[in-house]
Amino acid sequence: MNLRAVWAIYRVEMARAFRTVLQSIISPVISTSLYFVVFGSAIGSRITEIDGISYGAFIVPGLIMLSLLTQSISNASFAIYFPKFVGSIYELLSAPVSYLEIVIAYVGGAATKSIILGLIILATASLFVPLHIEHPFWMLSFLVLTAVTFSLFGFIIGIWAKSFEQLQLVPLLIVTPLTFLGGSFYSIHMLPGIWKTITLFNPVVYLISGFRWSFYGKADVSVGVSLGMTLVFLAVCIAIVAWIFKTGYRLRN
Amino acid sequence: MPSILSISGVSKTYATGFTALKEVNLDIDRGEIFALLGPNGAGKTTLISIVCGIVNRSTGTVTVDGHDINKDYRAARSLIGLVPQELTIDAFESVWATVSYSRGLFGKPANPAFVEKVLRDLSLWEKKDAKAITLSGGMKRRLMIAKALSHEPRILFLDEPTAGVDVELRQDMWEMVRRLREDGVTIILTTHYIEEAEAMADRVGVINRGEIILVENKAELMRKLGRKRLVLELRNPLTAIPEAFSRYALELSPDGGQLTYTYDNQAERPGVASLIRDLEASGIQFRDIDTQNSSLEEIFVNLVRREP
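If you're matching them up, the sequences are chains A and B in order. Quick note, this note's numbering runs 270 ahead of the 1-based positions in the first sequence. Quick note, this note's numbering runs 1194 ahead of the 1-based positions in the second sequence.
No lab work stands behind these hints: they were computed from the structure. It is possible that part of the hints are untrue.
What the hints assert, rightly or not - Straight line, CA to CA, 27 Å or less: simulated DSS-like cross-link-like pairs of lysine-lysine:
hint, chain 1, residue 1, chain 2, residue 2
1, B, Lys1302, B, Lys1265
2, B, Lys1321, B, Lys1334
3, B, Lys1216, B, Lys1265
4, A, Lys516, B, Lys1311
5, A, Lys354, B, Lys1334
6, B, Lys1334, B, Lys1311
7, B, Lys1422, B, Lys1216
8, A, Lys466, A, Lys354
9, A, Lys488, B, Lys1265
10, A, Lys354, B, Lys1422
11, B, Lys1321, A, Lys488
12, A, Lys516, B, Lys1322
13, A, Lys432, B, Lys1334
14, B, Lys1302, B, Lys1322
15, A, Lys354, B, Lys1325
16, B, Lys1412, A, Lys354
17, B, Lys1302, B, Lys1325
Stated by the list, open to error - Partner residues aside, some chain A positions facing chain B, computed with beta carbon under 8 Å:
hint, residue
18, Ala275
19, Ala278
20, Ala287
21, Arg289
22, Val291
23, Gly357
24, Ser358
25, Leu363
26, Pro366
27, Leu415
Computed from a predicted model, the values in this text were never measured in an experiment. The beta carbon of each residue, even a glycine, is placed where N, CA and C say it ideally should be.
Modelling step: build the complete structure from the supplied sequences, incorporating the hints.
Here is the structure:
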């Protein structure tokens, strides 16, 4: 295994995050704080608690997931799209690096960044509301699993995209709506009739529900199902990446 | 000595149906400078890209120092450095970081002393902390070379290395190529500046429409296909070429002041000496005489034109 190559790519990806610290770290922290002000204060004054959890505390896992999903996707998709766009991908393709090493390095870099971000948001949230984490091991497990899964998803988008517009398409038109509708700011039990069923087709529901369970021990769907769905999505992403590399799809002509 | 790079029956048809390479066979000798010439779209870059692992071939085999580029891609690719035609660098990285990155990518342990040497050799040392985006075009080109040399390759591909580079830098680059060759590095270059291939290369390959139409020792090629030209500046202009000289197929300049005689090195046409004797006998005097060898460029153009 060419570990030096993995480390070289990983280090460049991390360096990019520190170079663009304003965009990578500070802006998500600011937007999270704004969510607290808008949702926490404005709505929180009307909904005092859900399932016995104060509204402010209730939305914390959802907020972290919101950033984790969008940042994992954008970090990983940009990381692989950018060298494709400027042409410097030639070097990666001509290097003695296996596909597995490429994925470990890029996805590892993207996931690390979004995990750090998730923890920063958690720390920021603790300034606004008293936090309680009932299952720290599972909290970290969901955090890492989700970051890795969505970084893989982002990697796929980055390889698929032929333009910056396409790069933004999936995160903006699919992931963000699904996250907002995935129970970040409410319990799905609060939804009327048919919507409660429809929302179960939204994969993000399972991620947020499982993650929230690790904090408060309460979930919209059973935690086993949440974990299972996360693993299924991870497996799907791995299968697609394996296919991309097997066929050289949009990488090697 | 076995060749360091062996390309056998390689063809490439893109998904669009375009055939870029047809059954290419080529062997590159260890330590030589090989110039690959061909018009735009002839398949030069496709061939290089296949050897380097950037493009998948449709058929054929490629071995680098005995290593198959697919089965043993790590060993094969470790030996190769590539300087592509386009200036494609992560613009926001520093010179030092991007060259160190390349070295790591090829699995070599960090070696600051070596990276420093590469940067100094390419006059980039003063710019080591500058971001790539702030460099001039010529410096970016040198940075691309530094990246390719960072992992100490044994084969260096230079795809149009001096396109858009000023004269001084071009000379520096050729100097560097000579030094690399002295160190035993095999160099394969494509260029549009045929005089450079003429000055640098040991062997020349000509590729046209995806086929290698000729591979020849450069000197041999010049000898075989080269034409010589004798130009005589006449003391008194002529109105027409005298009938007696028809066997020489001479050309007269429009002002009648210059006679040009073109002849093949190995041709059976009458020689230069007999022409001069005949001119003197006819009382045609000349004040100056000049002979020119045809350049590789002319040879190349003739070869490519000859293709159906």
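Hints, one by one, checked against the model:
{"no.": "1", "hint": "Lys1302(B) with Lys1265(B)", "result": "21 Å, holds"}
{"no.": "2", "hint": "Lys1321(B) with Lys1334(B)", "result": "11 Å, holds"}
{"no.": "3", "hint": "Lys1216(B) with Lys1265(B)", "result": "23 Å, holds"}
{"no.": "4", "hint": "Lys516(A) with Lys1311(B)", "result": "39 Å, violated"}
{"no.": "5", "hint": "Lys354(A) with Lys1334(B)", "result": "18 Å, holds"}
{"no.": "6", "hint": "Lys1334(B) with Lys1311(B)", "result": "17 Å, holds"}
{"no.": "7", "hint": "Lys1422(B) with Lys1216(B)", "result": "34 Å, violated"}
{"no.": "8", "hint": "Lys466(A) with Lys354(A)", "result": "42 Å, violated"}
{"no.": "9", "hint": "Lys488(A) with Lys1265(B)", "result": "52 Å, violated"}
{"no.": "10", "hint": "Lys354(A) with Lys1422(B)", "result": "49 Å, violated"}
{"no.": "11", "hint": "Lys1321(B) with Lys488(A)", "result": "58 Å, violated"}
{"no.": "12", "hint": "Lys516(A) with Lys1322(B)", "result": "38 Å, violated"}
{"no.": "13", "hint": "Lys432(A) with Lys1334(B)", "result": "26 Å, holds"}
{"no.": "14", "hint": "Lys1302(B) with Lys1322(B)", "result": "20 Å, holds"}
{"no.": "15", "hint": "Lys354(A) with Lys1325(B)", "result": "20 Å, holds"}
{"no.": "16", "hint": "Lys1412(B) with Lys354(A)", "result": "38 Å, violated"}
{"no.": "17", "hint": "Lys1302(B) with Lys1325(B)", "result": "23 Å, holds"}
{"no.": "18", "hint": "Ala275", "result": "5 Å, holds"}
{"no.": "19", "hint": "Ala278", "result": "3 Å, holds"}
{"no.": "20", "hint": "Ala287", "result": "12 Å, violated"}
{"no.": "21", "hint": "Arg289", "result": "7 Å, holds"}
{"no.": "22", "hint": "Val291", "result": "13 Å, violated"}
{"no.": "23", "hint": "Gly357", "result": "3 Å, holds"}
{"no.": "24", "hint": "Ser358", "result": "5 Å, holds"}
{"no.": "25", "hint": "Leu363", "result": "5 Å, holds"}
{"no.": "26", "hint": "Pro366", "result": "4 Å, holds"}
{"no.": "27", "hint": "Leu415", "result": "28 Å, violated"}
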